[in-house]
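**Q** Okay, here's what each chain looks like letter by letter:
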Amino acid sequence: MFVALLICLSLVLANVVIGVYTERKVSAFMQDRLGPMVVGKYGSLQLIADLVKLLLKEDIVPKLADKWLFLAAPCMIFVAIFAGFAVIPLGPGEYLQGSQAQIGVFYLLAIVSIDIIGVLMAGWSSNNKYSLLGAMRSVAQIVSYEIPLGLSVLCVVMVSQTLNLQEISTQQGIFSGHDNYLFGLKSLGIDVTQVGGFLTWNIFRVPFFLGVFIIFFIASLAECNRAPFDLPEAESELVGGFHTEYSGMRWALIFLSEYGMMLLVSVLGVILFLGGWNSPFPNIGSVKLANWTSGEPGSWSGAIWGFVWLLAKAYMLIFVQMWVRWTFPRLRVDQLMYLTWKVLTPFSILAVFLSAIWRMLMI
Amino acid sequence: MQFWYFLTALTLISALMVVLSKNPIHSVLYLVFTFFCISGHYVLLNAQFLMAVNIIVYAGAIMVLFLFVIMMLDLRRNSPDSKTNLTKLAGAVVGGTVLVIFIAATRKINLGTGADNAFYNSQTGMVENLGQILYRNYLLPFELVSILFFVAMVGAVMLGKREAGERNF
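Chains S and V supply the protein sequences, listed in that same order.
If you use our numbering, the first sequence corresponds to residues 1 to 363, in order.
If you use our numbering, the second sequence corresponds to residues 1 to 169, in order.
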């Protein structure tokens with residue numbers, strides 16, 4: 001348990017360093033710029049310089065702000081998001097998952113929704129109209145997008161018959177105790193249990209999960225307040241949204257939780273749809289690619305391979321998030337609500353129905 | 001047991017603070033905290049699913065909408081000073097009566113001798129068993145509740161719908 005705690009904490013901290021640098025370089029590449037180039041080779045030490053700046057900055061509390069709420073809000077946001085990592089299996093084996101609680105992913109959805117209370121506290125206690133408007137938008141958006149997010153997670157849970165993320169991961173690879181068939185269809189009779197690789201990933205076991213994954217991805221973008229859903233902190237309209245008044249380390253804490261949330265939803269997406277810590281390469285005849293690129297659960301090689309695959313896939317998704325951010329323009333509020341209530345929610349309800357049918361074809 | 005006392009004290013203090021704090025926003029935040037403590041009690045009672053539901057529904061959704069509404073209200077106009085003595089008296093009478101009823105109802109309750117550890121099934125409060133009971137023994141009440149929710153939802157949509165010729169804002 002404590003191993004997982006330390007790993008997650010260092011992961012979240014390292015993630016903000018990697019995330020900010022990649023974000024700036026990726027955006028620079030997409031806009032045909034160079035990005036940070038001055039501090040260190042290719043600007044690699046830019047973030048260290050930024051961190052020193054943030055540490056040295058004065059921690060300002062506005063005079064008319066509600067002081068205790070203002071000070072507590074960033075901690076609340078961070079705690080809510082960091083608590084979500086508790087049930088994430090970072091690799092096979094027991095000690096890489098903080099809590100083996102049976103309700104796993106359901107707990108994660110519950111605890112992450114607490115994040116919006118922190119956002120509301122920050123926005124209201126700042127005593128600033130931009131902050132309050134940003135917080136209002138953020139809450140309206142997150143509460144609405146939790147519905148398609150929850151329903152798309154429910155599809156996966158219905159197919160895997162468990163809420164524990166470790167079991168969901170294990171089912172999608174060569175180490176699963178059950179038989180896996182091609183496309184999950186037992187009637188096809190093609191057993192791919194020992195083939196593994198991407199053929200046993202959920203997105204491949206149940207072909208329409210590609211659509212569910214897109215719904216999940218869109219909803220998770222909105223949950224992170226990432227562009228094109230960055231209305232709560234739209235720079236051109238609201239200065240900085242709910243964190244306008246924050247400075248120094250408290251602002252850095254909000255930023256840390258934002259990147260932590262990106263990592264959390266990406267890891268969750270990988271576990272639910274893209275095979276978790278399983279290797280993407282299948283066994284082809286005597287070329288045992290899946291066995292070579294993964295170790296037995298519980299062994300050291302298994303833990304390291306699993307961790308590497310999980311993070312590699314998660315960072316692929318984070319890259320897609322950045323790609324989306326620098327490609328699409330921001331949505332209007334009414335378009336945002338139209339998308340969630342009239343497009344994503346009906347489709348995800350349909351997907352829940354389809355996954356129930358697919359599950360019956362799988363057994 | 002020690003942890004239970006700590007959690008109970010925390011629950012009671014935060015519940016009291018809901019009533020005692022002057023600022024309505026603080027009250028709502030204390031209420032959220034109270035819900036968290038109650039979720040902690042659910043965990044101690046081996047009801048993980050109920051704990052997550054409590055957080056997701058009450059702390060995550062309903063309380064957020066509460067906060068949302070209270071933050072939009074003009075707090076100065078609704079300050080506690082505007083309550084008359086009559087209102088305070090009426091509140092005290094109603095609250096006192098409820099207290100007496102609760103004491104009378106729970107005074108003679110028999111709590112039993114505690115859990116029978118030898119025959120106790122550790123999976124009792126888990127999702128799977130809850131689902132089995134809910135969808136087998138209590139299917140009709142469950143479906144009726146869903147109809148009730150559906151009616152409430154349709155009602156809310158009807159109330160919020162813009163009528164012909166009415167301006168939005």
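Possibly wrong hints are sitting among the right ones.
Claimed, not checked - Calculated pairs, DSBU-like style, for lysine-lysine (alpha carbon to alpha carbon, straight line, at most 30 Å):
{"no.": "1", "chain 1": "S", "residue 1": "LYS342", "chain 2": "V", "residue 2": "LYS22"}
{"no.": "2", "chain 1": "S", "residue 1": "LYS186", "chain 2": "S", "residue 2": "LYS288"}
{"no.": "3", "chain 1": "V", "residue 1": "LYS161", "chain 2": "S", "residue 2": "LYS129"}
{"no.": "4", "chain 1": "S", "residue 1": "LYS63", "chain 2": "V", "residue 2": "LYS22"}
{"no.": "5", "chain 1": "V", "residue 1": "LYS22", "chain 2": "S", "residue 2": "LYS67"}
{"no.": "6", "chain 1": "V", "residue 1": "LYS108", "chain 2": "S", "residue 2": "LYS129"}
What the hints contain is simulated information worked out from the structure, not anything from laboratory work.
**Q** Each hint needs a verdict: does it hold in this structure or not?
**A** Here is what the structure says about each hint:
no.	hint	in the structure
1	LYS342(S) with LYS22(V)	violated (41 Å)
2	LYS186(S) with LYS288(S)	holds (24 Å)
3	LYS161(V) with LYS129(S)	holds (28 Å)
4	LYS63(S) with LYS22(V)	holds (20 Å)
5	LYS22(V) with LYS67(S)	holds (15 Å)
6	LYS108(V) with LYS129(S)	violated (55 Å)
Hint check: violations occur at hints 1, 6; the rest are consistent with the structure.
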